[in-house]
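Spelled out, the chains give:
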Amino acid sequence: MKQYVNNIYFGLKSLVVGLVVTFKAMIQPVVTVQYPREEIDITPNYRGHIELVPNPETGESSCIICGMCAKECPSECITVKSEKSGDGKTKVLSLFVQDFTKCSLCGLCVENCPKGAIQFSDEYDLAGFTKEMFHFDLIKRLKERQ
Amino acid sequence: MEMFNFLPPELIRMIIFVALLIGLVFLNALVMVYLERKIAGHIQRRLGPMEVGPHGIFQTLIDGIKLIGKQLIIPRDVNRPLFRLAPLLAFTPVVLPFVVIPFSQKIQARDLNLGLVFIIAMSAINVLAIFVAGWSSNNKYSLFGAMRSVAQNIAFEIPILLSVLSVVLMTNTFSMQGIVTAQSNIWFIIVQPVAFLIYFIACIAETNRAPFDLPEAESELTAGFHTEYSGMGFGLFFLGEYGNMFVVCSIATVLFLGGWHGFTLPFNDYGAIIWFMFKVYFLLFLMIQIRWTYPRVRFDQLMNLAWKYLIPISLVNVLITAVIVKL
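Chains as they are written, first to last, in the numbering used here: chain X, 1 to 146; chain B, 147 to 473.
Calculated from the structure, these hints are not laboratory results.
Treat each hint with caution, since some may be false.
As the list claims (entries may be wrong) - Simulated crosslink set (DSSO-like; lysine-lysine; CA at most 27 Å straight-line):
1. Lys24(X) with Lys184(B)
2. Lys13(X) with Lys454(B)
3. Lys2(X) with Lys184(B)
Can you build the whole structure from these sequences, using the hints too?
This is the structure we're talking about:
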């Protein structure tokens, strides 16, 4: 009999405690973000597709076309091409394309670049109808960002 | 209106009332689904529907239109007549109790002198509808849902009747208006708190709401008795469920919370409907909050609650009430 009364008492008490918990949660401010209408800053650890880092002095890419990124890439998704410059002595970066459909975001290219010319972008809302839309021309992107 | 003069005025009054009441059932379902989703959202610290209309107020309307537009699929091996009958059987008895609910002193379709018995009899038909739906669907999940529902409803009908009885012993009438009038001095929740608590718990079980939603436990039975229903067939079960919630909460208001009694409002004979609706929606809010607070009980726990706790306690409560009334 004592057990019976105890069950009722503690049962009802725990039910009331539960209701208080949910009521408190209900009147607290919401923690979700209404995504298309408001956006929050993305964490610096986020790995999007790669992009070229602009050289602070010239504004151009500091890529030396060593090809380490393309060679290192386990998915072989980076293509780097160069052409001779006007005086025929130095090489100029002419093509830097990442095939993002194959990229596994391992970050080896960013780690291995001797000049630190590659970084992860913070693009997270990527969507497209064809896979060609995910072949990113990074030189074009660098120019657009400036 | 000359052309309607051959009809008895009472009949015209009834027809207008019933049309309005059916409107109320639909409107209530719209409001309740919206409230349910909003409150669920805020309890989980998100906003709930936000897209359709300002703060998503047209969301349920759009959902309703979508349901009406959908095809009513009838699987090959179902029992066709029963399968078509069950949603109607679930919806119609839910509208009937509204006839005797006293929204205010003057707003009531009909004050039957057995009003309370009428409501309890009508809400018992709901069990039949669930059972017919489960049986005719020819689906193991539906059948299990229906079996659970019948066991659950039989078990929880008894504490409901006993707690209602303890109020009726005090008022000496089954008329809804009479019970409200008897509470002009003191609400029965103060005199009969145990009966109110038992009634409310049993009603949550009776309307198959969480934490007693075993007949439609989605993790075990996909959707329970309405697994095979699509489109408006499912919609009618849904409407019936929300209508039923309104009915049980308005009975709780009439029996324990003083019905339309409150501070006198302008045009009190009619305006007191605001008090009534306020109390009903407070109880409905509590039901929604309970749904989003507690986890679903196991079946043996459900039965233990009914047979070991609610029924003995309500029996003792009736006994004590009877002795005190007789003294």
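Original post:
When the hints from earlier in the document are held up against this structure, which numbers fail?
Top reply: 3
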